[in-house]
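Protein sequence lines, in the order shown, are assigned to chains P, B, E and D.
Per our numbering, the very first residue in the first sequence carries number 363; after that it's consecutive.
Per our numbering, the very first residue in the second sequence carries number 363; after that it's consecutive.
Per our numbering, the very first residue in the third sequence carries number 363; after that it's consecutive.
Per our numbering, the very first residue in the fourth sequence carries number 363; after that it's consecutive.
Heads up, some of the hints might be wrong.
Copies of the same chain look alike in the list, so a pair counts if it works inside one copy or between any two.
Derived DSBU-like pairs (lysine-lysine); straight-line CA-CA distance at most 30 Å [to be verified]:
id: 1; residue 1: 511; residue 2: 472
id: 2; residue 1: 373; residue 2: 722
id: 3; residue 1: 734; residue 2: 566
id: 4; residue 1: 373; residue 2: 503
id: 5; residue 1: 725; residue 2: 566
id: 6; residue 1: 694; residue 2: 426
id: 7; residue 1: 453; residue 2: 514
id: 8; residue 1: 807; residue 2: 426
id: 9; residue 1: 633; residue 2: 662
id: 10; residue 1: 722; residue 2: 566
id: 11; residue 1: 694; residue 2: 373
id: 12; residue 1: 694; residue 2: 566
id: 13; residue 1: 694; residue 2: 529
id: 14; residue 1: 514; residue 2: 596
id: 15; residue 1: 734; residue 2: 514
id: 16; residue 1: 476; residue 2: 503
id: 17; residue 1: 662; residue 2: 705
id: 18; residue 1: 598; residue 2: 694
id: 19; residue 1: 511; residue 2: 662
id: 20; residue 1: 734; residue 2: 807
id: 21; residue 1: 725; residue 2: 373
id: 22; residue 1: 633; residue 2: 722
id: 23; residue 1: 705; residue 2: 566
id: 24; residue 1: 807; residue 2: 476
id: 25; residue 1: 598; residue 2: 758
id: 26; residue 1: 722; residue 2: 514
Derived by calculation from the structure, the hints in this document are not laboratory data.
What you are looking at is a predicted structure, and each value in this text was computed from that prediction instead of being measured.
Below are the chains, spelled out letter by letter.
Number of protein chains: 4
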Amino acid sequence: MCAIVGIADHKEASNLTYLGLHALQHRGQEGAGIVSTDGEQVFAHRRRGLVQDVFGNGSLARLKGSAAIGHTRYSTTGSSNIANLGPLMMKSSLGWVSLAHNGNLVDGEKWTRKLEAEGAIFQSTNDTEVIIHLMARSGEKDLEAALIKALKQVEGAFSIIAMNADKMVVVRDPRGFRPLLMGDLDGSTVFASEDTAFDLIGAKTVREVRPGEMITVSLRNHGAPESSFPFAPKEKAQCVFEYVYFSRPDSTVFGSNVHEVRKELGRKLAKEQPAPDAHLVIPVPDSGVPAAIGFAEGAKIPFDMGIIRSHYVGRTFIEPQQSIRDFGVKLKLNPVRSAIQGKNIVVVDDSLVRGTTTRKLVKHLRDAGANKVHIRISSPPITHSCFYGIDTPTRKELIASTHSTEYIREYIGADSLGYLSEQGLMETASAMSGRGFCDACFTGKYPTALN
Amino acid sequence: MCAIVGIADHKEASNLTYLGLHALQHRGQEGAGIVSTDGEQVFAHRRRGLVQDVFGNGSLARLKGSAAIGHTRYSTTGSSNIANLGPLMMKSSLGWVSLAHNGNLVDGEKWTRKLEAEGAIFQSTNDTEVIIHLMARSGEKDLEAALIKALKQVEGAFSIIAMNADKMVVVRDPRGFRPLLMGDLDGSTVFASEDTAFDLIGAKTVREVRPGEMITVSLRNHGAPESSFPFAPKEKAQCVFEYVYFSRPDSTVFGSNVHEVRKELGRKLAKEQPAPDAHLVIPVPDSGVPAAIGFAEGAKIPFDMGIIRSHYVGRTFIEPQQSIRDFGVKLKLNPVRSAIQGKNIVVVDDSLVRGTTTRKLVKHLRDAGANKVHIRISSPPITHSCFYGIDTPTRKELIASTHSTEYIREYIGADSLGYLSEQGLMETASAMSGRGFCDACFTGKYPTALN
Amino acid sequence: MCAIVGIADHKEASNLTYLGLHALQHRGQEGAGIVSTDGEQVFAHRRRGLVQDVFGNGSLARLKGSAAIGHTRYSTTGSSNIANLGPLMMKSSLGWVSLAHNGNLVDGEKWTRKLEAEGAIFQSTNDTEVIIHLMARSGEKDLEAALIKALKQVEGAFSIIAMNADKMVVVRDPRGFRPLLMGDLDGSTVFASEDTAFDLIGAKTVREVRPGEMITVSLRNHGAPESSFPFAPKEKAQCVFEYVYFSRPDSTVFGSNVHEVRKELGRKLAKEQPAPDAHLVIPVPDSGVPAAIGFAEGAKIPFDMGIIRSHYVGRTFIEPQQSIRDFGVKLKLNPVRSAIQGKNIVVVDDSLVRGTTTRKLVKHLRDAGANKVHIRISSPPITHSCFYGIDTPTRKELIASTHSTEYIREYIGADSLGYLSEQGLMETASAMSGRGFCDACFTGKYPTALN
Amino acid sequence: MCAIVGIADHKEASNLTYLGLHALQHRGQEGAGIVSTDGEQVFAHRRRGLVQDVFGNGSLARLKGSAAIGHTRYSTTGSSNIANLGPLMMKSSLGWVSLAHNGNLVDGEKWTRKLEAEGAIFQSTNDTEVIIHLMARSGEKDLEAALIKALKQVEGAFSIIAMNADKMVVVRDPRGFRPLLMGDLDGSTVFASEDTAFDLIGAKTVREVRPGEMITVSLRNHGAPESSFPFAPKEKAQCVFEYVYFSRPDSTVFGSNVHEVRKELGRKLAKEQPAPDAHLVIPVPDSGVPAAIGFAEGAKIPFDMGIIRSHYVGRTFIEPQQSIRDFGVKLKLNPVRSAIQGKNIVVVDDSLVRGTTTRKLVKHLRDAGANKVHIRISSPPITHSCFYGIDTPTRKELIASTHSTEYIREYIGADSLGYLSEQGLMETASAMSGRGFCDACFTGKYPTALN
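Bound-form chain P, shown alone (with noise of 0.2 Å):
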């Protein structure tokens, strides 16, 4: 997963676009990197780790300029090559080109093959770079038009903001699976995957760039943000795991504030999956506290932060070896004992993947003295891989795509396990933000072929 952020137009761009990406942080924290232009140079500073230790010693003060793109980027599969990490750069017959992409290509490596296959190089294993040789092969002199002919030709989910010295130019897929949003600073047209970026540097949330529209800002002259739809039509397919667990929970994405649903989904659950003998319901912090809430509130049991989790678990922990095990989960999460002790707890969490740290967190929970512990899950079982952009693992290391829920249960050591229903999920969804998802990773309803 990632987060692209673009500042047209104003004097401090690479300084409000580097605390976009901090605000935009759990979307991607492999690496960060920020591409800045003044008109005629380039400017870019990549790096692997967190977006506050990437833009160090004096490299904001190097990207020089009033326009710039960022991007996070999330640790998938065999990618710790620095040569992944975004924005992209490019120089070919369209000049330079920087490209910031939250999204995954569903035909990335057939496009690569058949690109290898005339002649092209590759230096990432990422897609990106699929639809930057597309643009360099277009034939187009621009880059709207480079950007359209080498998007119809591939298939997949894309939240994208370009840049050369003129232009930048923002598109998001036709079935919107990633959000991406338009916002205003004084002026100044700026984009984020969430609209939190724009709270903490100050933006108004303009609307979202829709499914199918590309964005053009000019930064030659102060003109208005252009907008046109180049790609037919498609059925809406948004990331209904955006509300589940990806974006932060005081973003508004696809229309509705995510801390809201999430407060609904726990509702709803508290319906599907009552725990009649609990009586306190605990959130498994910090992706379940909204759910938690709401299930509590429908539920009319008692809440209570029952875990507390530590903040200082990062990147660099270094593990001591030998014979300490089993502190990892501890590590983050340790249960408050007088808080728990001889109750039955409901624990309230926002999706269930591997199972692992789940059974590890009910066997503290229980040495801490809980009598019940029902496990409850704030979505469907995942059951499939996702395509589109989150990274989730492979179909054999979700446990729920091969266990049957009484197994899982067993396997994690709870009295009861339930998850919200697939239509609870989509019901939910639908009412708060209108028609449009895509949960495959529930369903394996795939929105697009798979190649």
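Here the structure of chain P is known, so what remains is to put chains B, E and D in place on it, guided by the hints.
Chains B, E and D only, in chain P's frame:
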């Protein structure tokens, strides 16, 4: 403020000490250190930075031996000197001794001048150095005797873990200002400032080290810890601010679980300072969460996470310069617009020190659409500085030491501002943990002479 | 300038490549990289910095496999881009190929424009990328065939070591601008820019790779290296500046030992440009030492180390600011006052590029008490830029391209200034190593078209 | 070994101290430090590493004020403790004092025990700490008085620069073991271990600080340095090893230029230990160069640089593991095959300590084709450890302390081995610099009791 950890007689002493310090990171983020011994040599590693950053590059493997003590340090004024990092080490007629100290002496400066007049050399600005000088000058050849003789001469707060090649000795001052607990890990004796350190390493809490108690563990033979009470008894003066703010919510200190105490403070606050027109209770996360839950329960007003805290904000944040202003609070705390829009909200925080952060937060909440903003603080106005180890600012900077509540309300821009009464705080603490608390920061009634 | 190293079929391939690069560090200090393969996977590590700094933190251990190629890069204009560091990597229809290149193409820019027009994307400003594009577009499926087809299309200097999972292929351009040698290490074939790399790893020099030769070593079976001459023969144009300055004195390149050639240049210089009133010959260390020894021998004037070079001067020198000036040259080169005081001295250096350093040096020598200062340069005036891989400045910055020797003498403040004649240089090189040298930097007679 | 530098009353005091330490880096590469003062506050920066690495990241700018003292430290046994890095700092009844010390006390350990018995605490294993304890306990309120009282009690070698907010005080022990010079930079008084530090910063040498002399420079008013001789005079015992190896060749210490002394030692060696069948004299660079030039001159045998030293070999070299052996010496010293092939060579080095490096070097020279290898050492056999500041190994490791010259010759594999006689060394030193040298490392005749 600081955390201290000691592991006697465990083959992974340094690894466990490291994990213990990690669990207590909230008590000190400026730097950390571990000293270990194999009974012959002594090994030390101290650095500025977070625990996980300090012990990289194989430093843990170099901290050999089956006994170790550790220390994390909170930044205090004028102290960015590496010589101030603990545990302190000295070589003297006692051989080498290492000492980790949580707390502050009130007569540190007086002793420094006196010792200097007698020819002593100081390396740090740390009052712990007074203690090791007094030990070196005690004429005693035994670690415990030297510690007792030294500590009988000073006044103030000290929870101490000392170690030489032969033994580990812990002491808690007779008033018991700072917490210190003893645990057991498969037969090894362990010590820590809070018992969440025990949770992480899988140790069981045995009991608190009592005010005025000294406990010795031999590192040479596997005997039981030996307890004694070498100091004249004093009236207990446990730091109530540990309950209000400092300790982790999942810790049990001074005999009660911190989360439970905080919830109860919230309930009491709801009674003392109701907000009848409020639609919603929201905490300032993370520290305000338990009191807000208690307030909501007491006031029977719905609870919600109306402010989201970003946990990517750390020490290394690079502030972009020039024109961007006021993003500091927003970087960390962002309102959930949809949750608070048009509503009268009660915002619960644990304490109010200078008022500047709360002022910005109120502004952001109003910008996000809150109708009325009622600020409720689950502790009394802070009017006096602490001399026992909490890094409160000078009185001049404490807004409540020189201004009325009404003035502060206006300054922060709230519709109403209500503090928990001093009586309410002490009643709650006493009801839950027995009598004997220091509340000098709220009252100015210091339990010791100030020098 | 750059150094390249290749180790085929040795279980410590990466370690040996690292040592080889270390021995050739003088050819490129901007950055270094190694690519290795175990026949299935490919491993790469490239970074800016000195060889010993680049390969820290276990990076060598991660460069697995029994074949490896390495590259060190010298900083050239506009190239502080990590994408410019070698060996370059590409994934294309040829599979992955890695390529280390010493030399420069004269038609790199022309080809870049042409390839971009055909849809190619460029990541670096490095003309090596032209070669890999031509290989990817060759339509050939075989590494050698692709290399031959690509290299037949370009003009310029290339000593190349290429590698894929199956074979290591080295090529030297038909004019043989840059050196490249083949060695043998206990039956394994090794390649390097200079044979001091072989000295260090204990390999024996087999012979030079000949101008226009391609040598292939299979990585799949332990066959002998296979030689071919796929290019149309050209007149040899070995870089005489390798003798004058670039190569290590203990290396044997183009068939002669560099130290011996330099001493002979010094003897010749003594004949051409005597300094009859001199009491002492002193070198500008280290590069001027052999010529100074030769000059002293030829002129029968005593030799002494009258200037001491500090070897602590590296890349990371922090320049203290403000009022301190002109310490730059002195930091590196300090006169031995007692040796030169009151004497007429001949100062021998290998070349004179801009004149600024020599000017400061002459001043320091006079300040230290030298009576007369005669500057002797063991090469002719540099009047033209090199387009074959030596990083000479532009003509404008070459003091001899626009100024007379008398002007330069006055500018540097010497009592006399004498260069070796172009004829003297070429006679010496030819006498020692046979005919066929490029001396374009002294004459402007470029052996290729320049595009 | 160490270097010390002091700059009194110059607005760029820290910058100049930094440059001075850089020039004296050869005297200590383990770590460095600078302490400066603006007359009110004191600023310190000490770190392990080379001078240019220690003072990065703006640390020089933080060392404010117009007076500064600096120290570089050479690694000695058991001392990888940052507390050992100079200049030492203390806060005591004297206020703060900082002290940079070159030399070693012979009674350091005795004093440490005595002071510990009196209640002193030690932080380092550095005998400089004894001096500051004695100062703190002197009862004196004045820096000079405290220094004099302290230094009268100890025995050994000390060249010291001390500083507090009011004055800079330098002292040299009455025997004058270690060099120390006073210079003048545009009216500011400066001090340094060797006068090459003055060359670099543009200062002029005024004179040596005399054995037993104390010089005080007020930092409050711009008065002239004041000299006194507070100690009972002793027979001079200047370290002859400064001439043999330690000082920079371009330095003038003890009244003579080091390079000239070394050349003369070479001439004398040629007379004492001729090598009549030799074709060539080659130095072991860099330290053997002047003696080799002198030997060649004395013996009338041609001189050549037959061994090339790589200057990229630093502290951070990563040794590749496993099967590669013996490249350590070759990495640094590589024979010039063509220069020595088939020849009888005299290899001149300054000293021979353990013999292991020379042994490997002889092997490499033979591998490179040398016929006979005659080793000549421009100093006598080292048979005793130094207790005055040179880090000679223990006697057991000194090959000449337990083995005959013939045994050593055989061990290193040379055709002949000749040392300069002790008489020859002392005659030369005395002839050039007057009487009064310590040659205990060659004779065991220590000029002081050893404790």
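Kindly indicate which numbered hints from before are broken by the structure, ordering the numbers from low to high. Failing hints, ascending: 8, 13, 15, 18, 19, 20 and 26.
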